[in-house]
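S.K.: The task is simple: from the sequences and hints, build the whole structure.
Top to bottom, those sequences are chains V and H.
Mapping of the first sequence onto our numbering: position 474 corresponds to residue 529, and the numbering continues sequentially without gaps.
Mapping of the second sequence onto our numbering: position 65 corresponds to residue 53, and the numbering continues sequentially without gaps.
In short, the hints are calculated from the structure, not lab data.
Glycine included, every Cβ here is placed at the ideal spot set by N, Cα and C.
Some hints here could point you the wrong way.
[Claimed, not checked] When the alpha-carbon atoms are kept at most 30 Å apart in a straight line, the in silico DSBU-like pairs for lysine-lysine are as follows:
{"no.": "1", "chain 1": "H", "residue 1": "K250", "chain 2": "V", "residue 2": "K294"}
{"no.": "2", "chain 1": "V", "residue 1": "K676", "chain 2": "H", "residue 2": "K250"}
{"no.": "3", "chain 1": "V", "residue 1": "K557", "chain 2": "H", "residue 2": "K250"}
{"no.": "4", "chain 1": "H", "residue 1": "K250", "chain 2": "V", "residue 2": "K560"}
[Stated by the list, open to error] On the chain V side, residues computed to face chain H include the following (Cβ under 7 Å):
{"no.": "5", "residue": "A177"}
{"no.": "6", "residue": "Y480"}
{"no.": "7", "residue": "F561"}
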Amino acid sequence: MKLLAPLVALVGALATVICLDDTPADADLVFVNASEVFTLDPQRMTWMQDLRMAYCLYEGLVRWNNDDFSIEAAAATSWTISEDRRTYTFRLRPDARWSNGDPVTAHDFVYSWKRAILPDTAAQYSSLFMVIDGAASFFRWRTEALADFARETAGLGTPQRRDRAQALWDETERRFAATVSLEADDRLTLRVRLARPTPYFLDLVAFGVFCPVHRGTVEGFSRLDPATGRLHQRHGWTKPTHLVGNGPYVLASWRYKRGLYLEANRLYHSPAIVQSPTVACVSIEDINTAVLAFESGRIDWLSDVSTEYQADMLAQRLAYESKHAPRIEAGLAAGRSLDEVLADLPAPGRGERRDIHIFPAFGTDFYSFNCRPHLTDGRDNPFANAGVRRAFVMSVDKNAIVRHVTRLNEPIVTTLIPPGSIPGYRSPNGLGYDPVGARGSLAAAGWADRDGDGIIENERGEPFPVIDLLYSSNGSRYRNISLALRDMWQRELGVRVELRGKETKFFREDLRRGNFMIGRGGWYGDYGDPTTFLDLCRTGNGNNVRGYSSPRVDELLRLADDELDPRARMALLAECERFLVTEEVPMLFLCQYVQLYMYEPGRLTGLSRHPRLTQYLWKMKSRG
Amino acid sequence: MSGLIVRRLLLMPVVLLVIYTVTFCLAWAIPGNPLENPEGRQPPPEVMQAMLEQYRLDSPWTFYWDYLGNVTGIAWVLGTADRPFDFGPSLTHVDWTVNEILGAGLPVSMTLGLLAILLACAIGITAGVVGGVKPGSAADLATLLIALIGVSLPSFVIGTALLVVFGVWLHAVPIGGWGGLSHAVLPAVTLALPLAAYIARLTRFGMMDQMIADYVRTARAKGVTESRIVLGHALKNAFLPVLSFLGPAAAMAMTGSFVVEKIFAVPGIGTHFVNAVLGKDLTLIMGVVLAYSTILILFNLVVDVAYRWVDPRIGT
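M.R.: Below is the structure:
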């Protein structure tokens, strides 16, 4: 009995603690990201959900019209491009303010872009800034200077190191001003000179990592590290009490694994564009729970429905559409959007749904061939031969895969670049499904069934090596596709395939070391130019895990780099892609990636259907 | 008693150092690069090198000693660090330090865990006493059956079922998130059920042994009321095995459960035990392991002390 009083007190205290932990406030727009927001520092962003926040909290010089990806004015009102297409002069809005009232100036952009270029920041997307004249050499110089610093100051005391770090930093500032062609001519004029004409430069500038940060705030969290000489930038400035932005929203709250709340920025220059005054990004890590939360009516938009049962959800959607097919067709014919038509139909019955939506994305799902002459164990690699690769591509029935294996009916592709995703560029046609041609190609490469046992051999009678097919074993998608590929190749070509599923980290390690014959791949583009995909096939590119190298591809890409005429440049790039997808095929292109959204049609508006799938939250509105 | 406490507390840093070293070796051995984007995009090698240097990941030796200095506060005493007990920035959640992550998640996990333990004790002990007093009765069979179900059903099944029934069908509780009792009830119940089942079984067998002991017969002969025999005498002794189970169970429940936190989107630290390892987030791995170890050591100490308090014969 004497235990009862402390027990009651404990329970009471617990209940109080739980109740005092504030409940999330309601917002005009509530959505769930595919995963946690990692960073709100635009220069360090790489993830789609982080960049989505960048477009709310910050405003770059220009932005995309996210319906057709043309360029619109944002923090800059106008810009001029020099004759040689290398110098861009941006004129900034005089009325733009930071959320603390400071004016947004050209110096802020110089500061922010310098941050991205500095090796100290280690920005993953710093390579995009290397189009600026002098940026690459400045990056190299600072990297070497930091290495020298570590060598030269070994054994010195902290105060001396601190002085040396400061001296090096002063020299760095001088060097940046002298060598990198990025200047603020006056408070509202920013001038950038590029290393070479880059026709997609404005598209880059609209990308989130080019957004400005508030210098005073970030500098408050930066100091020179006497141990390494680096500029050490803590990330505390991205937290609600500190973060200062110039975008349509301000950060009202951000709690780890709980959610992130945005409020319309009262100092934003064009408040009329903001459709939802408050936005809540709720953290629900488990997608099944997120779907339940959506079904309970709490969520307006689920931005990535990657459940194991997604294909079943799509089947329910198809059932609903086919039941109402005549009315849908009539509505579409009358010029209404699919969402509007769906919203007016009767509510879905059992086994039907209309709240799942499939959006083709700016990425291609493919399998990589190892193109190196030898495998990691020293054996000859049959896939070094383009004829063998072509045979393996032509013997795959992609339609069967998207219909019966992934069951998502993704648009199948024969090219690297998703069709119609880049204005002004038309992809050529690649290799289609042709099992007979595949066997011919394999025979031409020296592999044929010479003794009639169903297994192919070379001239010396050696059977085709057992194919090592590597995939990542998280989720069932790639296991299923790999199984289907194995069956198709065994059936059509008479080769033996062994599957090797590995956990992501191990999988990546094997890919990097070239320890595979065929491996799961895939790529999402970063900016609106074919090179965002074609660069994957450049010799020595860091993402070229295939070890693919072709002088012709390198030459075509180099020619395109130097070409001033946009149409001639696109023709060079199209020729490069044609060569890749019809002759060399370093990858087996399967389908365009798709993104599955969940929202109630008619209730949520403002989503873009362009494959680049950049959703501006300030354009979105929920009718609750 | 105080000798025991002092001895254990003095031993604690040594135990933690061993745990730190072993965990570090295992975590470092995980293949891959924690700074790599799992979607496969590779930054240029020179940028990756700069990132590795920024986080001191370029050499295991420097990382081991630097981190040890920061965590213990030695670096702060020597003036090379800004603050003591610094677990460093998370390598995957780059805007957050491990201290912030633990600071945000640990109180949530601990509150939820404590709630679950209390709930489990309330349910488990009641059921155990009811069954243990009259073994073989209908009530006993019923509690045994429920306990069997509680132990066997995995929490992702119980959790999802509760969520569907109370969240989607009845709209009685909000789905996902934290804040207010309504968010805490379902995860606490899910977390408590298997524990309650285990406690019920421990209590039942304890009670069965005690109810046929000589001192119970004596008490009955003296005319002591049955309720006083059960609650005042037998339960006190039957509780000992439960008590030794409660230490590790409480430490486990209070550092969060991966499954329960994932299903109910509870912002605790339970999910980090798995996700940090998958992402090779070295600093976060060290942070959660050290936090868990400390709590486990302290709870075992509390249980040992409580043991001696309940049964003074032990340890004298």
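S.K.: Against this structure, judge whether each hint is valid.
M.R.: Here is how each hint holds up against the structure:
| no. | hint | in the structure |
| --- | --- | --- |
| 1 | H:K250 <-> V:K294 | 25 Å, holds |
| 2 | V:K676 <-> H:K250 | 29 Å, holds |
| 3 | V:K557 <-> H:K250 | 24 Å, holds |
| 4 | H:K250 <-> V:K560 | 22 Å, holds |
| 5 | A177 | 4 Å, holds |
| 6 | Y480 | 22 Å, violated |
| 7 | F561 | 6 Å, holds |
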